[in-house]
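Number of protein chains: 2
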Amino acid sequence: MSQALTDAVQLNVLAERPPIVPEHFRDSEFVFLANTHPSLQIQLLDQLKGPKFVAADTMNCWIENQAEDLKKLMGRIDALILNDGEAKMLTKIDHLAPAAQELQKMGPKIIIIKKGSHGVISLDKNGNFFSLPAYPTTNVKDPTGAGDAFAGALMGYLASAGKPDTGYLRTAIAYGTVTASLVIEGFSLSAVASVSRSAIDARLDQLRKMMEF
Amino acid sequence: MSQALTDAVQLNVLAERPPIVPEHFRDSEFVFLANTHPSLQIQLLDQLKGPKFVAADTMNCWIENQAEDLKKLMGRIDALILNDGEAKMLTKIDHLAPAAQELQKMGPKIIIIKKGSHGVISLDKNGNFFSLPAYPTTNVKDPTGAGDAFAGALMGYLASAGKPDTGYLRTAIAYGTVTASLVIEGFSLSAVASVSRSAIDARLDQLRKMMEF
Numbered sequence: 009m010s011q012a013l014t015d016a017v018q019l020n021v022l023a024e025r026p027p028i029v030p031e032h033f034r035d036s037e038f039v040f041l042a043n044t045h046p047s048l049q050i051q052l053l054d055q056l057k058g059p060k061f062v063a064a065d066t067m068n069c070w071i072e073n074q075a076e077d078l079k080k081l082m083g084r085i086d087a088l089i090l091n092d093g094e095a096k097m098l099t100k101i102d103h104l105a106p107a108a109q110e111l112q113k114m115g116p117k118i119i120i121i122k123k124g125s126h127g128v129i130s131l132d133k134n135g136n137f138f139s140l141p142a143y144p145t146t147n148v149k150d151p152t153g154a155g156d157a158f159a160g161a162l163m164g165y166l167a168s169a170g171k172p173d174t175g176y177l178r179t180a181i182a183y184g185t186v187t188a189s190l191v192i193e194g195f196s197l198s199a200v201a202s203v204s205r206s207a208i209d210a211r212l213d214q215l216r217k218m219m220e221f
Numbered sequence: 009m010s011q012a013l014t015d016a017v018q019l020n021v022l023a024e025r026p027p028i029v030p031e032h033f034r035d036s037e038f039v040f041l042a043n044t045h046p047s048l049q050i051q052l053l054d055q056l057k058g059p060k061f062v063a064a065d066t067m068n069c070w071i072e073n074q075a076e077d078l079k080k081l082m083g084r085i086d087a088l089i090l091n092d093g094e095a096k097m098l099t100k101i102d103h104l105a106p107a108a109q110e111l112q113k114m115g116p117k118i119i120i121i122k123k124g125s126h127g128v129i130s131l132d133k134n135g136n137f138f139s140l141p142a143y144p145t146t147n148v149k150d151p152t153g154a155g156d157a158f159a160g161a162l163m164g165y166l167a168s169a170g171k172p173d174t175g176y177l178r179t180a181i182a183y184g185t186v187t188a189s190l191v192i193e194g195f196s197l198s199a200v201a202s203v204s205r206s207a208i209d210a211r212l213d214q215l216r217k218m219m220e221f
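Chains as they are written, first to last, in the working numbering: chain V, 9 to 221; chain U, 9 to 221.
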């Protein structure tokens, strides 16, 4: 239930010509390459002028069918954000802690593995793990977009902090966690559209209290 | 992989006569009814003189085949400790947070759901959730006994604290979490036999640091 599986993708116009990054976005410092064909992710990256921090998402069908391009991409990004099934598929390792270490050897210094209702585990550039449970919402309506909400909040916080240091990255992952928990409480875009920064901050505080011992 | 499923149980002599609790154990204050037939758990409980805190474990085959006895047991215990698959099976609810709330309605004021490599989520008598990720060991050798190590460390800490208050319960769950993580790093009883209190305390500290943001 918590696993997304993609059977087929139609890239359509994207397969004919990669997207052009508008000139005024080319100096973006914090860049998230959302999930698409890894060669498109590379072509997007090629258009940027020395970003400070690049993260990328991927999925099962690129892991299975575009391994070479994905390997090239992994050599060029700072962080890989993927889910637990994808981490196991990419490394052929069933436990996430050693799988994260194996993924790190493939290039990205930072590995962030999303586990749906089980939270997140990440590995930083110093080899230290950081892990959070999910916020236990009792009001799940639609998990669509949870992963993108997670990545969006994470990147937004990092960009606002201005530095991708480990301390900021941990807080960014926590923001991703609670933002995703709010997004799944509404259908489609409605929860994203209505959620406020104060609701996100309140839930961040609740998450911290929920783990205190 | 993280789910234990029991196809059959042979109670053997236990089916003929329930175990007799020795006289000098009957005034035990903190009692854990390990996983066995729920009517045996009740008969063990009947022999005790007003314990302060009673927790019980159960499993899929009692949920499926001994629902009535299990229901009676649940009305007599303070805490139910079970795994995620069992919580879903018992409540027919797929999300663990609302499943925990439903389990609470069946009797036990405290619900503790073990999630194997994903950690633990619990619900206290005030309706507040507490959740921890698992300690990310990279050295898993044998998960056998992880659940009993979890429950044993939890009960041991509570008994040493002398009170089953929410604050102590949270620390007890954290002790259960890290003790289980040490036990799965060795085969059979070898890890339990060799683990020291200082190793457990050190890992408790690491767990806390691993979640800091």
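The set of hints was computed from the structure by calculation and includes no laboratory data.
Hints are supplied without guarantee of correctness; some may be wrong.
It does not matter which identical chain is used: a pair holds within one copy or between any two.
Cross-link-like lysine-lysine pairs, in silico, DSS-like; alpha carbons within 30 Å at most [said to hold, decoys possible]: (1) Lys-217 x Lys-113; (2) Lys-117 x Lys-149; (3) Lys-57 x Lys-96; (4) Lys-100 x Lys-57.
Comparing the hints with the structure gives:
no.: 1; hint: Lys-217 x Lys-113; verdict: between (34 Å within a copy, 24 Å between copies)
no.: 2; hint: Lys-117 x Lys-149; verdict: between (35 Å within a copy, 27 Å between copies)
no.: 3; hint: Lys-57 x Lys-96; verdict: neither (33 Å within a copy, 50 Å between copies)
no.: 4; hint: Lys-100 x Lys-57; verdict: neither (35 Å within a copy, 53 Å between copies)
Comparing the model with each numbered hint stated earlier shows that hints 3, 4 do not hold.
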